[in-house]
Amino acid sequence: MIGRCLQALIASDLPRALWELIVVDDGSRDGSVSIAAGHADVVVRLPGPPHGPAYARNRGAEASLGPVIVFVDADVCVHADALRRIAWAFARRPELGAMFGSYDADSPQLGDISQYRNLRHHYAFRREAGAAETFWAALGAVRREAFLHAGQFDEWRFSRPQIEDVELGYRLRRLGYPIGLDPTVQGTHLKRWTLRGVVRRDLFDRSIPWIRLRLAHGSSGRPGQLLFRPSEWTDTALMGLAFLLLVLAALARLPALAALAGVVAGAVVISSVRLFWFFGRRRGLVFALRMVPVHLLYHLLSSLAAAWAWVLYQLLGAPTASATVRAQSEAGPRRWPPHPRRTEASFWMEGGAGRREG
Amino acid sequence: MTQPTPGETNPREARDHPEFAVVLIARAATEELNAAVQAATVLAGYGVEVLLLAPSELASAAAAESGPANLRWIAIAPDTDVTDCRAQALAETGADVIEFVDARLAPLISWDEVAPVRLGIVEVGWGAPMTALRASLERLAVPEPDEPSAGAV
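Chains as they are written, first to last, in the numbering used here: chain A, 1 to 358; chain B, 1 to 153.
Just so you know, not all the hints are guaranteed correct.
[As the list claims (entries may be wrong)] Okay, the calculated bits of chain A under chain B, using three or more residues with CB under 8 Å as the criterion: (1) 41 to 48; (2) 58 to 72; (3) 149 to 158; (4) 168 to 179.
[What the hints assert, rightly or not] Quick partial rundown of chain A residues pointing at chain B, CB under 10 Å, derived from the structure: (5) Asp202; (6) Ala309; (7) Trp336.
What the hints contain is simulated information worked out from the structure, not anything from laboratory work.
Think of the CB as a built atom: it goes at the ideal place given N, C-alpha and C, for glycine as much as any other residue.
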């Protein structure tokens, strides 16, 4: 997979003299680093077990030379014009702090779950084109000045793929840097998702921490919030209601409540009719119909995530680093690779969540 | 630049910056070797290891001459492709940051600017020249894409 993604980058139509390709090897054991070396200008090898994308991206950024840093995940094949579009976006708007693109609507060889996820992402990101309130690092670029000013990715709190990019985006916006979402900057996502993987990723690593962050700091009220579009929240709340009605129907043995749950779920389907229309245009009617239960499950999981995030926020406040990371960081000897560093500008450091942190 | 050996206590614990190695790949011409020696001389001042991969007849001839102490010659078969060359170099060095450069381009690189950044001694500052980006795109006649349209799905 890494080879395909690197070949896609090499095939970029942005002249090679204008960019350097840095690959960070975060403890891989499968020969990826040798493949990477065949394409990269620079390889950064991080010894030991994987440190997570926040840490790895920070080390790669530190070794880079350019005024704009583009982050690309190892399972994303960028389109040939993606880097050129990014370069021109920053050339047109030097004040831009960051920008990001989206997955394309391809990868039909993957299973239904993967296609649902990628198509839904594509649909949502195209709909939100323009000014954004967050950041996405699977295919995203940041101006070096803004990146350093914001304190880089929060490697202290995010030791695995979570919302380290979202949190960076919030910090950039708080510092006044504009962020743009340009859905014409595209990449093909090669990851093959399973239902279990989606539940783990979307529920525990994405939705719950994102909602906790949102609870801690509230909403700017501006568009470009992606996950927090009002219609999305409405559908999520409706699916939560449908689930509660279904549970009550089972407990009280009231078929009428079950029927009502069906009506509420039907309302979610009707509310999402444009999404299903989009699915139908891209993959056909049968695929669109197959995606109805997947979509309802997605909103059900989102409602559970919201409830669980609220409980966690009330009980624990902000997430924090593990005891080992804290101890190593506090000891603070200068060494390479560095211990995960705490950024004082972290979004978690202020507001209600920060006060709860023990 | 020393390599960790089996049984040695891990020297990585004592480092305060990454080890940096530059891999130069030369194909045929003697000028390429001269370019590599020139780059290695500059990089020696930073303690950077330089690996020069060259066809065996060139490498053996050049190795007989004196060169910078940080320069290591590695013989490769003439028909070895770049990917294999690089993988071989990667296995030969224990450095954390490895840069691959065509030997012909080595003299064109300002190693005095590059090496301190790769070594983590100097951080590229906040004032990186954004204005130069547009000038570079225009100088190289890079086609400007249309402005993205908002919202249409």
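To see whether the hints hold, each was checked on the structure:
1. With a threshold of 8 Å between beta carbons, the proposed coverage of the stretch 41 to 48 of chain A by chain B holds, since 7 of its residues qualify and at least three are required.
2. Counting residues of the stretch 58 to 72 of chain A whose CB falls under 8 Å from any CB of chain B gives 7; the rule of at least 3 is met.
3. Check result for the stretch 149 to 158 of chain A against chain B: violated, 1 residues qualifying (beta carbon to beta carbon below 8 Å, three or more required).
4. Under the rule that three or more residues need a Cβ within less than 8 Å of chain B, the assignment of the stretch 168 to 179 of chain A is violated, with 0 such residues.
5. Given hint, aspartate 202(A) at the interface with chain B, is violated; its Cβ is 21 Å from that chain's nearest Cβ, farther than 10 Å.
6. The closest approach between the C-beta of alanine 309(A) and any C-beta of chain B is roughly 28 Å, which is over the 10 Å cut-off, so the hint fails.
7. Against a cut-off of 10 Å between C-beta atoms, the interface hint on tryptophan 336(A) holds, since the closest Cβ of chain B lies about 5 Å away.
Hint check: violations occur at hints 3, 4, 5, 6; the rest are consistent with the structure.
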